[in-house]
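Protein chains in written order, with UniProt numbering: chain A, 1 to 409; chain B, 1 to 409.
Just so you know, these hints were derived from the structure itself, not from any lab. Each statement offered as a hint is correct.
One copy or any two copies: either way a pair holds, since identical chains are not told apart in the list.
Within a straight-line C-alpha distance of at most 35 angstroms, the following computed DSBU-like cross-link-like pairs (lysine-lysine) qualify: (1) K221 / K165; (2) K122 / K110; (3) K30 / K110.
Since we're looking at a predicted model, the values are computed, not measured.
For reference, the chains in residue letters:
Number of protein chains: 2
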Amino acid sequence: MALLVHKYGGTSVGTVERIHRVADRVAKAKGEGHDVVVVLSAMSGETDRLIRLAREVTAHPDERELDVLLSTGERVTIALLAMELQGRGINARSFTGRQVGIMTDSSHTKARITRVTAERIKEAIAEGVIPIVAGFQGINARSDVTTLGRGGSDLTAVALAGALKADRCIIFTDVDGVYTADPNVVPAARRLDRVSYEEMLELASLGAKVLQSRSVEFAAKFNVPVEVQSSFIEGKGTLVTREDEDMERVMVSGVSGDRHQAKLTIVGVPDRPGIAAKIFGPVAQANIVVDMIIQNVSQGSLTDISFTVPRADLAKAVDLVQRIAKEIDAKSVAVTEAMAKVSLVGVGMRSHSGVAAKMFEVLSREGINIMMISTSEIKISCVVEEKYMELAMRALHSAFGLDAARVGA
Amino acid sequence: MALLVHKYGGTSVGTVERIHRVADRVAKAKGEGHDVVVVLSAMSGETDRLIRLAREVTAHPDERELDVLLSTGERVTIALLAMELQGRGINARSFTGRQVGIMTDSSHTKARITRVTAERIKEAIAEGVIPIVAGFQGINARSDVTTLGRGGSDLTAVALAGALKADRCIIFTDVDGVYTADPNVVPAARRLDRVSYEEMLELASLGAKVLQSRSVEFAAKFNVPVEVQSSFIEGKGTLVTREDEDMERVMVSGVSGDRHQAKLTIVGVPDRPGIAAKIFGPVAQANIVVDMIIQNVSQGSLTDISFTVPRADLAKAVDLVQRIAKEIDAKSVAVTEAMAKVSLVGVGMRSHSGVAAKMFEVLSREGINIMMISTSEIKISCVVEEKYMELAMRALHSAFGLDAARVGA
Chain A
1 MALLVHKYGG TSVGTVERIH RVADRVAKAK GEGHDVVVVL SAMSGETDRL IRLAREVTAH
61 PDERELDVLL STGERVTIAL LAMELQGRGI NARSFTGRQV GIMTDSSHTK ARITRVTAER
121 IKEAIAEGVI PIVAGFQGIN ARSDVTTLGR GGSDLTAVAL AGALKADRCI IFTDVDGVYT
181 ADPNVVPAAR RLDRVSYEEM LELASLGAKV LQSRSVEFAA KFNVPVEVQS SFIEGKGTLV
241 TREDEDMERV MVSGVSGDRH QAKLTIVGVP DRPGIAAKIF GPVAQANIVV DMIIQNVSQG
301 SLTDISFTVP RADLAKAVDL VQRIAKEIDA KSVAVTEAMA KVSLVGVGMR SHSGVAAKMF
361 EVLSREGINI MMISTSEIKI SCVVEEKYME LAMRALHSAF GLDAARVGA
Chain B
1 MALLVHKYGG TSVGTVERIH RVADRVAKAK GEGHDVVVVL SAMSGETDRL IRLAREVTAH
61 PDERELDVLL STGERVTIAL LAMELQGRGI NARSFTGRQV GIMTDSSHTK ARITRVTAER
121 IKEAIAEGVI PIVAGFQGIN ARSDVTTLGR GGSDLTAVAL AGALKADRCI IFTDVDGVYT
181 ADPNVVPAAR RLDRVSYEEM LELASLGAKV LQSRSVEFAA KFNVPVEVQS SFIEGKGTLV
241 TREDEDMERV MVSGVSGDRH QAKLTIVGVP DRPGIAAKIF GPVAQANIVV DMIIQNVSQG
301 SLTDISFTVP RADLAKAVDL VQRIAKEIDA KSVAVTEAMA KVSLVGVGMR SHSGVAAKMF
361 EVLSREGINI MMISTSEIKI SCVVEEKYME LAMRALHSAF GLDAARVGA
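Taking the hints into account, I'd like the entire structure generated from these sequences.
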């Protein structure tokens, strides 16, 4: 007898047939004696269809109106699932973001949740009714509809689970959990049974697409256990939860790779106070996100400064940095395009000092040159030539004992 | 400088191209110095698409959920039109039924408006913003979405015009006004410049599809002048308004015909008190709407009772009435299927006593037998054989001076 929040994404409710299957799962959980609250996305493709319609009407649609438009998608799915369950004799009722009391600020199309009241949801649960909630949407103080941006329905589910003090928030999606590495790159990757909020945050910021950082932050803040499960295959998923003692036995939980990196080096920079601000101030103003920065030890009065940027921003960055280099009397700008970042993530690093050393040793053994290094409490990232990224990931995955046991091995 | 409510139906907002044209019209009215409030329907076909989706999910969709589903259609169009106007630099903002304060009872899918607050609309107008309002929807006391049933968007427009004390409510539709008769039947039919609420009500109840009775009743109650105009052709429409002196000069405003009638006669009914209730009680309980009833003068202790029903209900009615006839010891039941009702409508009848006599004379001159007659203050209806319906309509239209002046005549 637990209180569960189920969240189903766009592909899980993409057709009437799939809505039937969602109803099966919800009915099963209810039949097992649990209280269930369901959060839904729009049918996959619907949000894109609506955005296309808006762009046909006008090139730059007003964001308040875009939210009125986009928030219709989830209203369709919640009504359909509620009907379906009622058609089976199961008491269910749909609720919009407003009716749930998802209060947000007024940043239309990317609003932040400020408060969740959930009064009507509590009432419905008390009456034995299954609430079917529209994800991705809330209202601002003026009672205008807002939407929460990418991953918004996950956020609705986690926030609602927090407000209801739910026992678990289960995110049903098209993957069956969080993996030790991308299985496309590392065939020996395996699904993690558990991962901590902090590790999940690092993995999300490194590009893992399973859960967005915002949802994980929310879950951590309100201590909501989040489980990622496949909506198509029955079985265990990955539980994202508070760090526990079990976890500390593992040094490394996952290996990630990000190939969309490029490196810029400003050569011969006069080494005087304030020079870093002169460089990175204008770069930040141009909305270019700088990831790692390295400044070589100065030789005499000159130094070299290297940093990485997303490859998509490279052209813009090169133009800008060349102008800056001139202004500060640096010698030249060097560009290395094909770079990748390989990272290890694990809360165990806190208590194991040898992780970085072992990582460098593994890469060196494979003949991979490390060009930049950055570390945090639970993450170590190395920038390497892109062509070595996959090799580096597989070697690290194996060396840190993450490979799945092979059948018969 | 007037306050106008514009209402555009589904075909008027059926494509992005047509939404552009709606924006043209709204911009023009604004440019002429008027304050404009716009009420929209869903894109034509959208409501049907959503209903199909619901029926795919379950055979008998819950009506509360159906309202959540159906109310999304208008939200799409209001957002699109608001974007379009803003894209042109015109200040516009969308409002849902809830935001307008369209309060209704809880009869989902056919809710009745109980109150219209319109606070946010008044604010918007005061700020010079054009409010774009979702028609067809409101909320009940629990703040659940309701829909107003067929013609609901017209009703929203009229009710809002009433609450705002608007100078005029213009219903843009695919016809350009109210005609003296159906032009498909009476080629000489012409558009009326004006028609009174009462005449419009009679015409609506006789099957004129331009405005539904509910909207006309609302308009009459709050004295809202309603104009029916074509959304495709610029030009004058028909003004539905309070009776004025001009109108009384015309005896008859329109001729209508309803071919979906059938007549039932119970022959040899024992003439005793309470017999009518024994017959029409069960008929009403079976949801069969009886239009006209005639009871012949009794001959001895037996009488004949005839009445008309919609042809669609005939089979059901015959079964039922044959059972009733047995119970009350009547002799037999006679059925005449192909009947039609021809009606004259006009407030002028109040002060002209000769209308009925002239109608009978015209029909007699054409050799048309009148089978039943019913009259009200501003309407006379005759039931005739269906094959004579069109002839009867044309003859009456001409005899009462309604024919359009022919060019060159």
